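K.L.:
Going down the list, the protein sequences come from chains A and B. Residue numbers 2 to 330, in this note's numbering, belong to the letters of the first sequence in order. Residue numbers 110 to 328, in this note's numbering, belong to the letters of the second sequence in order.
By construction, these hints were calculated from the structure, which means they are not laboratory data. These numbers were taken from a predicted model, which means no experiment stands behind them. Yeah, the Cβ is synthetic: ideal placement off N, Cα and C, and Gly gets one too. Accuracy of the hints is not assured; some may be wrong.
[Stated by the list, open to error] Pairwise CB distance ranges, derived in the manner of DEER restraints:
no., chain 1, residue 1, chain 2, residue 2, range
1, A, Glu27, B, Asp196, 33 to 43 angstroms
2, B, Ser248, A, Leu59, 37 to 47 angstroms
3, A, Leu271, B, Asp196, 47 to 57 angstroms
4, A, Val37, B, His304, 24 to 34 angstroms
5, A, Leu271, B, Ser248, 55 to 65 angstroms
6, B, His307, A, Lys26, 49 to 59 angstroms
[Unchecked claim] Result set (DSSO-like, lysine-lysine): computed pairs, CA atoms no more than 30 angstroms apart in a straight line:
no., chain 1, residue 1, chain 2, residue 2
7, A, Lys96, A, Lys125
8, A, Lys41, A, Lys113
9, A, Lys26, B, Lys264
10, B, Lys241, A, Lys41
11, B, Lys239, A, Lys41
12, A, Lys41, B, Lys238
13, B, Lys264, B, Lys233
14, A, Lys41, B, Lys264
15, A, Lys96, A, Lys113
16, B, Lys264, B, Lys238
17, A, Lys130, A, Lys106
18, A, Lys190, A, Lys277
19, A, Lys96, A, Lys112
20, A, Lys130, A, Lys113
21, A, Lys130, A, Lys96
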Amino acid sequence: MAQRRQNAPRQSLFRQPFAQGRTLKERLQAYGSLQVYSLKASFSRIWETPIASSLTILVVAIALALPASFSALIDNARQPLEALDTTSQISLFLKPELSNEAARKLTERLKKNPRLFGAILMTKEDGLKELTAFSGFQDALAALTSNPLPAVIILRPVATDATSVTQLLNELRTLPESDRVQFDDEWLKKLRALLAITERCVVAFSLLLGFGVLFIVGNTIRLELQNRREEIVVSKILGATNGFIRRPFIHSGFWYAFLGALLALIVADLLILGVKGPADELAALYGSPYRLAFLSLSSTAVLLGAAILLGIVGAWIVVARFLREIDPA
Amino acid sequence: MIEFQNVTKRYPESGEALSDVSFRIERGELAFLTGHSGAGKSTLLRLIPAFERPSRGDIILDGVHVPKLNNRQIPHLRRKLGLIFQDYRLLNDRSVFENVALPLHITGHHPHDVGRRVRAALDKVGLLKKEKRLPMALSGGEQQRVGIARAIVHKPQLILADEPTGNLDAELSEEIMRMFQDFNAVGVTVLIASHDQHLVHRFSQRTLRLEHGRLAGDA
Chain A
2 MAQRRQNAPR QSLFRQPFAQ GRTLKERLQA YGSLQVYSLK ASFSRIWETP
52 IASSLTILVV AIALALPASF SALIDNARQP LEALDTTSQI SLFLKPELSN
102 EAARKLTERL KKNPRLFGAI LMTKEDGLKE LTAFSGFQDA LAALTSNPLP
152 AVIILRPVAT DATSVTQLLN ELRTLPESDR VQFDDEWLKK LRALLAITER
202 CVVAFSLLLG FGVLFIVGNT IRLELQNRRE EIVVSKILGA TNGFIRRPFI
252 HSGFWYAFLG ALLALIVADL LILGVKGPAD ELAALYGSPY RLAFLSLSST
302 AVLLGAAILL GIVGAWIVVA RFLREIDPA
Chain B
110 MIEFQNVTKR YPESGEALSD VSFRIERGEL AFLTGHSGAG KSTLLRLIPA
160 FERPSRGDII LDGVHVPKLN NRQIPHLRRK LGLIFQDYRL LNDRSVFENV
210 ALPLHITGHH PHDVGRRVRA ALDKVGLLKK EKRLPMALSG GEQQRVGIAR
260 AIVHKPQLIL ADEPTGNLDA ELSEEIMRMF QDFNAVGVTV LIASHDQHLV
310 HRFSQRTLRL EHGRLAGDA
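Model the full assembly from the supplied sequences, consistent with the hints where possible.
P.N.:
Here it is as structure tokens:
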């Protein structure tokens with residue numbers, strides 16, 4: 002059998018396609034045709050099984066709507082808290098008998114204190130003006146014969162840690178002009194801690210529900226694979242690469258996750274829309290410019306991106322397992 | 110075109126299906142592979158497109174050592190072959206057209222090209238008018254002609270047929286065989302496995318005979 006072939010061909014028909022043989026243009030065209038074929042195939046698969054597909058999309062949407070709504074809630078809570086953060090300030094209430102002139106002198110003195118960012122004096126009159134402008138007490142205030150408000154100097158400490166603040170407060174208390182010193186950040190700290198806990202919970206829930214999406218998409222793709230087993234085996238016999246077989250299923254995974262996430266975003270924004278009316282009204286009653294916001298662009302992008310990634314990864318894992326299973330075909 | 114060098118295929122459960130088989134089929138030949146059922150015909154044919162790898166020996170297709178191909182290269186080898194099966198292996202939820210187009214989709218042919226080539230292949234097997242039918246709506250002979258159209262649509266240089274007439278009556282079998290002769294007449298190498306001695310005799314072509322996994326005759 003080692004004898005030389007008499008009419009050996011110059012070029013092997015079988016060696017040719019392995020590496021080169023096709024120009025870049027031809028290969029790109031083939032790639033394009035394969036992508037279009039796969040996109041059509043994956044769409045028609047979803048289209049052919051409308052009930053099963055929409056159920057999958059719906060379950061994905063529900064799993065994602067929860068973290069989406071929660072993250073909207075947190076986004077909304079963070080906004081007023083950040084505004085509060087800049088108001089971590091000391092209120093130095095002055096003795097009522099102190100003249101405005103003496104108050105101004107004290108303010109100038111405090112402004113030079115290096116441990117303070119600044120000092121703003123609110124005279125009795127300023128306080129009354131502000132109260133009249135922002136709250137709903139105009140009528141009651143108008144009925145007053147004298148101004149009951151104390152003058153106050155608003156101070157912002159440079160160091161906000163407990164010891165330096167306590168020291169500063171004690172010094173301020175000993176000032177002869179001082180009536181009462183108030184530094185309220187305890188409640189702010191508590192609020193922030195509460196928000197942090199909530200955020201952690203949302204992250205944990207989101208991870209859990211993200212795994213849910215992975216499994217939902219994976220399971221749906223697994224059923225599709227079972228239904229198309231014969232087609233896949235025949236395709237492999239005819240020379241389909243694993244990529245050719247994988248591609249439409251990855252596309253399916255993408256569609257399920259993308260459509261599900263889109264639906265989840267709509268649900269979350271509808272929820273916000275439902276609460277927005279009364280919430281904005283409440284804020285207006287408190288004289289706050291704060292308004293309930295829809296999901297931010299970045300949250301929307303993160304949700305869509307994460308969902309698509311989960312869908313694709315879920316599909317990939319299942320298809321890879323299936324291909325190993327049928328390999329000696 | 111095809112060269113087997115001392116090929117042995119052993120299965121852990123059932124022992125040796127092929128023992129030390131060596132032969133060569135030249136380009137443009139038409140050869141039959143015969144033998145009783147279980148003699149190793151199917152095993153031999155399964156080794157060529159690398160559905161399975163031999164336990165020992167080498168298989169050379171036009172200079173390519175098939176057992177040495179890696180998993181990424183094997184699909185490209187299969188695309189160069191035309192494979193025909195006893196049970197047709199058609200997709201029953203796809204039209205005749207889609208079945209024949211499958212090899213072209215796999216290689217990423219342009220859609221315009223696909224239609225032209227599929228119709229040319231269907232024309233060769235006389236099924237041009239039935240492209241929209243589902244395979245189940247066709248007779249056995251017609252289904253096998255769809256299988257043949259699918260095997261030739263990408264113009265392979267080598268056709269491997271495993272009992273292509275196993276489910277067909279004598280008249281249809283002869284018709285199918287004549288089709289293979291036509292392909293061979295234009296230069297395609299054809300290897301047909303069949304246990305139908307009468308049919309094989311009538312065509313008086315080179316015949317490789319397997320017995321218990323060994324090559325018992327080559328005439």
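K.L.:
Taking each numbered hint in turn, which are not upheld by the structure, reported in ascending numerical order?
P.N.:
Numbers 4 and 8, in rising order.
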